[in-house]
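Visitor: Sequence:
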Amino acid sequence: MQGVKPGDIIGFSGFGWISAGINVGTYGVPFWSISHVGIIGRARGKLMIFESTEGLGPCEITGQTLTGTQAHDLDYVLSMYKGAAWHYPLTRRLYRHEDVRLTLFLLETIGRQYDYHGAIRAGGFLLSTIEAMFRQPSIDYLFCSEWAAAAHTEIGILQTGNVSGWSPNFLCRYERWKGILARPRRLK
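Under this note's numbering, read the sequence shown as residues 4 to 191, first letter to last.
Quick caveat, the hints were computed from the structure, so don't treat them as lab data. Mixed in with the good hints, there may be bad ones.
[Claimed, not checked] Here are the computed lysine-lysine pairs in the BS3-like style, where the Cα-Cα straight-line distance is at most 25 Å: (1) 49 to 8; (2) 181 to 8; (3) 49 to 191; (4) 85 to 8; (5) 8 to 191; (6) 191 to 85.
[Unchecked claim] Label-pair restraints from in silico Cβ distances: (7) 159 to 110: 16 to 24 Å; (8) 47 to 96: 15 to 23 Å; (9) 182 to 7: 14 to 22 Å; (10) 67 to 181: 32 to 40 Å.
Cβ coordinates follow ideal geometry from the N, Cα and C atoms, glycine included.
Kindly produce the complete structure, drawing on both the sequences and the hints.
Guide: Take a look at the structure:
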């Protein structure tokens, strides 16, 4: 996909009720706001979308069908997705050392199970704030925006004490506000 680079975020807004529920729970507009995200990374000599999800077919890295963190060809994901998709580019290209750290982090965390409880907890600011006071941050299990926030934190472009508190909507809005991400363009 032209114009996509490592570290960029791809945001999805599904046309189903699960996506609508995620948007209601994360202060978004159903069928319009972001209900899922993936991050662009480099592996096997090409760019791929790294996302924590289920049911997309075999991961391009492991060759296994996973529920959790996995990588796929972006064009394949866009062709399979039932909804709208946006490209949120970083406002600058990653430096070489950031690109390498991003790649290593994403590859090290491939195959982690989906964090269903974390995704529910990230659904509201108050709930995620209270949860953060009583639970230590962990990336043993990852949901979509948690993985993207962890990757951006790993390379130093996002400063956060708890990657588990970021919903897809909140992550994209915050990174736009902080100047990390540029204005999105519609892909689908």
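Visitor: A separate judgement is required for each hint: does it hold in the structure or not?
Guide: How the hints compare with the structure:
no.	hint	in the structure
1	49 to 8	holds, 10 Å
2	181 to 8	holds, 19 Å
3	49 to 191	holds, 21 Å
4	85 to 8	holds, 23 Å
5	8 to 191	holds, 18 Å
6	191 to 85	holds, 10 Å
7	159 to 110: 16 to 24 Å	holds, 18 Å
8	47 to 96: 15 to 23 Å	holds, 21 Å
9	182 to 7: 14 to 22 Å	holds, 19 Å
10	67 to 181: 32 to 40 Å	holds, 36 Å
The earlier numbered hints are all upheld by this structure, with none contradicted.
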